[in-house]
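Peer 1: Mind docking chain Y on chain G? Use the hints.
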Amino acid sequence: MSRAKRLMKELQAVKDDPEANVNLEFVSETDIHHLKGSFLGPPGTPYEGGKFIVDIEVPMEYPFKPPKMKFDTKVYHPNISSVTGAICLDILKNAWSPVITLKSALISLQALLQSPEPNDPQDAEVAQHYIRDKASFDKTAALWTRTYAPIDILEPKNNVDEADLYGIDKALIEQFLSQGFEEAKTVEVLRRLGIKSMDPSDNETANRILEELLK
Amino acid sequence: MLSEHTIPSDYDDEGDEFIDFESYYSVEDTDLNGFKDDSDFDITSDMNSDDESGSRISFLISTQDSENLGKKSSLSGSEERGLPKLNYNCLTTDQIYKLMLQRMENLQPIFNIPLEDMIILLQRYGWSEERLLEQWTEDMEKVLVASGLRTAKHDKIKRGIKLHPNFMCHICCESGEKETFSLECAHEYCLDCYKHYIQDKLPDGKIITCMNCDLALRNEDIDKIMGDNSSAKLMLSSIKGFIQKHSNHYKWCPFVDCNYVIQVGNISSLSEFPRFHISPYVICDNKHKFCFQCGLESHAPGDCQVADVWVKTAQAESANLNWVLKNTKECPKCGVNIEKNGGCNHMTCKSCAYEFCWICEGCWKDHGGSYYECTRFKKEDKNDNVESKGSLRKYTFYYRLFSEHENSAKLDWNLGQTVEQKVRALQENVGISWIESQFLPESIRALIEGRTTLKWSFPVAFYSDPSHNLTKIFVDNQFLLVNAVEDLSQLLQIKEPKKIMEKKLDFYNKARFVKSRENALIECGRDLLCKGICIPQK
Chain G
1 MSRAKRLMKE
11 LQAVKDDPEA
21 NVNLEFVSET
31 DIHHLKGSFL
41 GPPGTPYEGG
51 KFIVDIEVPM
61 EYPFKPPKMK
71 FDTKVYHPNI
81 SSVTGAICLD
91 ILKNAWSPVI
101 TLKSALISLQ
111 ALLQSPEPND
121 PQDAEVAQHY
131 IRDKASFDKT
141 AALWTRTYAP
151 IDILEPKNNV
161 DEADLYGIDK
171 ALIEQFLSQG
181 FEEAKTVEVL
191 RRLGIKSMDP
201 SDNETANRIL
211 EELLK
Chain Y
1 MLSEHTIPSD
11 YDDEGDEFID
21 FESYYSVEDT
31 DLNGFKDDSD
41 FDITSDMNSD
51 DESGSRISFL
61 ISTQDSENLG
71 KKSSLSGSEE
81 RGLPKLNYNC
91 LTTDQIYKLM
101 LQRMENLQPI
111 FNIPLEDMII
121 LLQRYGWSEE
131 RLLEQWTEDM
141 EKVLVASGLR
151 TAKHDKIKRG
161 IKLHPNFMCH
171 ICCESGEKET
181 FSLECAHEYC
191 LDCYKHYIQD
201 KLPDGKIITC
211 MNCDLALRNE
221 DIDKIMGDNS
231 SAKLMLSSIK
241 GFIQKHSNHY
251 KWCPFVDCNY
261 VIQVGNISSL
271 SEFPRFHISP
281 YVICDNKHKF
291 CFQCGLESHA
301 PGDCQVADVW
311 VKTAQAESAN
321 LNWVLKNTKE
331 CPKCGVNIEK
341 NGGCNHMTCK
351 SCAYEFCWIC
361 EGCWKDHGGS
371 YYECTRFKKE
381 DKNDNVESKG
391 SLRKYTFYYR
401 LFSEHENSAK
411 LDWNLGQTVE
421 QKVRALQENV
431 GISWIESQFL
441 PESIRALIEG
451 RTTLKWSFPV
461 AFYSDPSHNL
471 TKIFVDNQFL
481 LVNAVEDLSQ
491 LLQIKEPKKI
501 MEKKLDFYNK
511 ARFVKSRENA
521 LIECGRDLLC
531 KGICIPQK
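Same order as they appear, the protein sequences are chains G and Y.
Counting along the first sequence from 1, when you hit position 164 you're at 164 in full-length UniProt numbering, and nothing is skipped either side.
Counting along the second sequence from 1, when you hit position 450 you're at 450 in full-length UniProt numbering, and nothing is skipped either side.
Extracted from the complex, chain Y is given alone in its bound form:
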């Protein structure tokens, strides 16, 4: 794998590419098997050993699909020994809740109270069993009263909804025939007021009590008053609070509309990652890959520091850049940035004395009589001039590349949405099975991941010493990945199902090629960081 830093010089020939792929493929295949065996070992060894025992990132994923598991192993790229690993699970909030319910059932014999009351207790203690048990053993009665599970006075009133022929509600001050609700405390209010009250409290995720005392409503009470499964909303909010409180163990997938939660088992290993200039990437069940450390999307080959400095610079500079882009134009002749701060449209460049029209950027002499009313259509952007002069120019250059690839990745994402239709068309028109058509979504994933890596390779290039040989190799590697990505992208534009099937092997090859180029680029970037050639600074 190490030899991949150097570029195969004869790769651009189609035939060679195929052979290349074959070799990559077989390499990955063995790796994959090795990984599977190893990962079993990792899980067991992890129980009683520290982080040193690990060999590399191992993926403990709840998915049953062994093919996915294999894919992920190849994604991790660096199959080197000695790198820290991260054990994690991908969970939905439902799963988290179910896990908690399970644990509650296990705990129930200790407490010997109904499960509904256990939920309230755990809610009160922020789902921390240790704290609850501690307090419970200290003073059981106190915990019960504080959590609103006991009244001071023990009236014989049953909690629940009742119908009163003539009732005056102290909240809304309406009277007449009303349905009411009360707990054992006998603080009785009309159902409408209770509904209103609970509705407001559901998003807080805290225990809902009687309006007049600390007695708690159980989930079943909430469901009775609100109907349906309203308490689920309360539980969801409660779990959200729990995840926020335990953000070092749990993180939401940062992708839009993704509700998965990643739970990391061995958080102590997180501190190991920066030393190796790699980041603890996790992948949720929606196949979103993100960095558990900084919460950004996958930003390889850059490490968290590169990403952090780059993003902060981008935020600080974007105001500047936007201003420059908005208020200045480049002299059509010499490319110097010019700000027009008033006056007429007849511009004379201070740098090269070229006279031009501000509106159309054409030569002033050609304007004839229509001096002040330029109606000539504005030419396409001429901002392709990319020689880097000065740091802002250099930054602008890299930033533009970065955002261009970001935009392309977004477009590819949209492309991915149409892939579903293509897959269906394949199944219906060509009559192939679902599993056989999976090469399409996999190719699109390879494409998007390739683009993301490409995008984040520009910050690394920006912060690297340009005169160093390794930087040059890195740039060459970038170039190779660009080509590989564009090739694959073109292939994915094909619409006819038949043609797609004919090119099936091509899809495989090109996707694999993107992946191997990506890994090579990531490794090369890591080398730049490890050797101190790439130094991110503001």
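Pulled out of the complex, with its shape left as it was, chain G reads as follows:
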């Protein structure tokens, strides 16, 4: 019962502070376990101009146990699974404390977008991209933000170029397309091998890709 009271209070606090640009609402009137939160992408990052929706499940033992949070919006970020939206953040696990609120947790997520921790990754593929080529990573993350998290358009676009989506060099894909391989397969193999671009004279890598493609 204290949980209901606290949740109502938290919701009110969010409403009273519109400047934080954080939003919090119940999914349905009858279920106080399940909420959706949202916040804006931090300025000066590839996530700027995006609105990110987070699915929140409040356990019975709240606030003594942390809420379960995951991104509904697809995000390209080392600490967030690009597939499931699962979040790797200590305050949502062992560093949780009852004084943390849903609002402060959402703000922490916002901060996480601002400063990724590629050395403690949730999504290894993305983290690798981040470490190897920050500029290319930023481009991809920004594309994901425009594609999946536009503030004004609710429905995400689906006709995005696969190569762009994973930050893979177009020329590299073209090279294999011209050899008669399918695009989807090529992208899949390049993602698996973690190769985003390649020096045209690097025969060893080219052979490795070919080998995978022919499997």
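Be a bit skeptical, because a hint or two may be false.
[To be verified] Simulated crosslink set (DSSO-like; lysine-lysine; CA at most 27 Å straight-line): (1) K224(Y) - K70(G); (2) K224(Y) - K65(G); (3) K93(G) - K162(Y); (4) K68(G) - K195(Y); (5) K142(Y) - K93(G); (6) K65(G) - K162(Y); (7) K185(G) - K215(G); (8) K240(Y) - K93(G); (9) K503(Y) - K410(Y); (10) K68(G) - K15(G); (11) K93(G) - K333(Y); (12) K195(Y) - K5(G); (13) K36(G) - K103(G); (14) K5(G) - K240(Y); (15) K142(Y) - K68(G).
[What the hints assert, rightly or not] Label pairs and their calculated CB-CB ranges: (16) D17(G) - G227(Y): 55 to 61 Å; (17) D308(Y) - D90(G): 34 to 40 Å; (18) S115(G) - L101(Y): 41 to 47 Å.
Simulated from the structure, these hints should not be mistaken for lab results.
From the three backbone atoms N, C-alpha and C, an ideal C-beta is built for every residue, glycine too.
Peer 2: What follows is chain Y alone, placed relative to chain G:
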């Protein structure tokens, strides 16, 4: 002792057995004295010498009972020179905690902070004094802040429980008259929320801090909030973490519901054991004997490798075996395993063409009219056919023996539970003293240990070259131990106190005999391993 490999041919006569016992007894007696003297020497010499100086396993046990000490020495069996030894203590978590408190008291002058805070510091550094001292000398203030013993701001608020006429708790958002708790940081929350919070944290064994900052709660704070001795639970969890982290020095007794911890002093000697094909056995104060290396129960005569390979094979094979046992039956005539994969119950063995009924395993011709509804009662298991054909059959055979003795040992264990009552009956009805009645629990221990040795002798037999002479001697020794164990087991079935007292000498003799047979078998098994006749492989 070496001559025990060969079997006394005339032992099965009752009278001879007695004489045998006498000689074993006197041998052990002298050994025992020798051991006592030696062990004193071992302890002192161990301080500054390496493992080579040791003569054999020496037992440094916290028990005061010298009789137990003697018993343990005879258990170790191999009183040979040149074998590695293990120095260990058996401790309870309470004792470990007390030891730590003692050491903390010794350390206190260096730190010059309250003992309560010392506990927090050591908790923070996983009870590693070296690491703590190192960091402490480097930057004292940093250690204090990191451990939650200092606030950045020094408010004048006293920590503790207060009563507020009107308080709004930020955790539960309830307001009204409330008891609250806060540390010097003035982050104040209602007592109910604090209770809930601490309850969740106790099993983690980590420092519990203020909900809003890193300031640590002392054990006395926890006890004040939770009542009673709740911080003890936190300390227990903390110690558990410590033991887990230092598992090469400390091991929990693996027996069910046993909470003793074995602490080994000279772990460097552990690596010496495999060379001699013996295992570093330790015995906790509940008399549980286990291997400090692999954590299994006593698995002599097999060494750790035999035990490891055997257990892994058993796990891998048990699925197969279970399937075979569950889905197949042996042809009643020729013993071939048959799987029924459909169809009617009229079976014809492909091997010997015998026709039989799947349900009752009887001859099909005798069935008369009730072909498809066999109502005849299923006969007792006929799986006693033990000729070993093929490796699975051989394995199945040994595995069955292994598990049979395992089951018997379990039953004996239950028997041991009733022994307490028998001892009491002896004291009340026959009027003998407690110390005099100890032959009963000792006999049951001898029985269980004998069975365990017997059980683990089957893996050794399984992996040994059957054509070798020594293997044959080993099997003969097994047989002798089986007889000795069964004899003792029968004796322990006696219920009337008077009869038990009459047979007191018998109990002694038979228990001693089991022990000497056990030692002989263990030595023989070790010989098999040392000479490469027993080679465990998957």
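Peer 1: Each of the hints needs a verdict: does it hold here or not?
Peer 2: Structure-based check of each hint:
Our distance criterion of 27 Å between C-alpha atoms is broken by K224(Y) and K70(G), whose separation comes to about 38 Å. Between K224(Y) and K65(G), the direct Cα distance comes to roughly 23 Å. Compliance with the 27 Å bound is thereby established for this hinted pair. Only pairs whose Cα atoms come within 27 Å are accepted, and K93(G) paired with K162(Y) is rejected, the gap being roughly 31 Å. In summary, the hint linking K68(G) to K195(Y) is supported, as the alpha carbons are separated by about 23 Å, within the 27 Å threshold.
Distance hint between K142(Y) and K93(G) is fulfilled; the C-alpha atoms sit about 26 Å from each other, no more than 27 Å. For a cut-off of 27 Å, the pair hint linking K65(G) to K162(Y) stands: about 26 Å separates their Cα positions. Restraint check for K185(G) and K215(G): satisfied, since their Cα atoms lie roughly 11 Å apart, inside the 27 Å limit. Annotation: proposed proximity of K240(Y) to K93(G) holds, straight-line Cα distance about 22 Å (limit 27 Å).
Restraint check for K503(Y) and K410(Y): the C-alpha separation of about 25 Å stays at or below 27 Å, so the hint holds. For the suggested pair K68(G) and K15(G), the alpha carbons sit about 22 Å apart, so the restraint of at most 27 Å is met. Of the supplied pair hints, the one linking K93(G) and K333(Y) is violated, its CA atoms being roughly 65 Å apart against a limit of 27 Å. Distance check on the hinted pair: K195(Y) and K5(G) sit about 19 Å apart at the alpha-carbon level, within 27 Å; holds.
Restraint check for K36(G) and K103(G): satisfied, since their Cα atoms lie roughly 11 Å apart, inside the 27 Å limit. The suggested pairing of K5(G) with K240(Y) is violated, with an alpha-carbon distance near 38 Å, which exceeds 27 Å. Between K142(Y) and K68(G) the CA atoms are separated by roughly 34 Å; this puts the pair beyond 27 Å, and the hint is violated. Checked against the hint of 55 to 61 Å, the pair D17(G) and G227(Y) fails, with Cβ atoms roughly 39 Å apart.
For D308(Y) and D90(G), the hinted distance range of 34 to 40 Å is satisfied, since their beta carbons lie about 39 Å from each other. A beta carbon spacing of about 43 Å between S115(G) and L101(Y) agrees with the range 41 to 47 Å that was offered as a hint.
In this structure, the hints that do not hold are numbers 1, 3, 11, 14, 15 and 16, in rising order.
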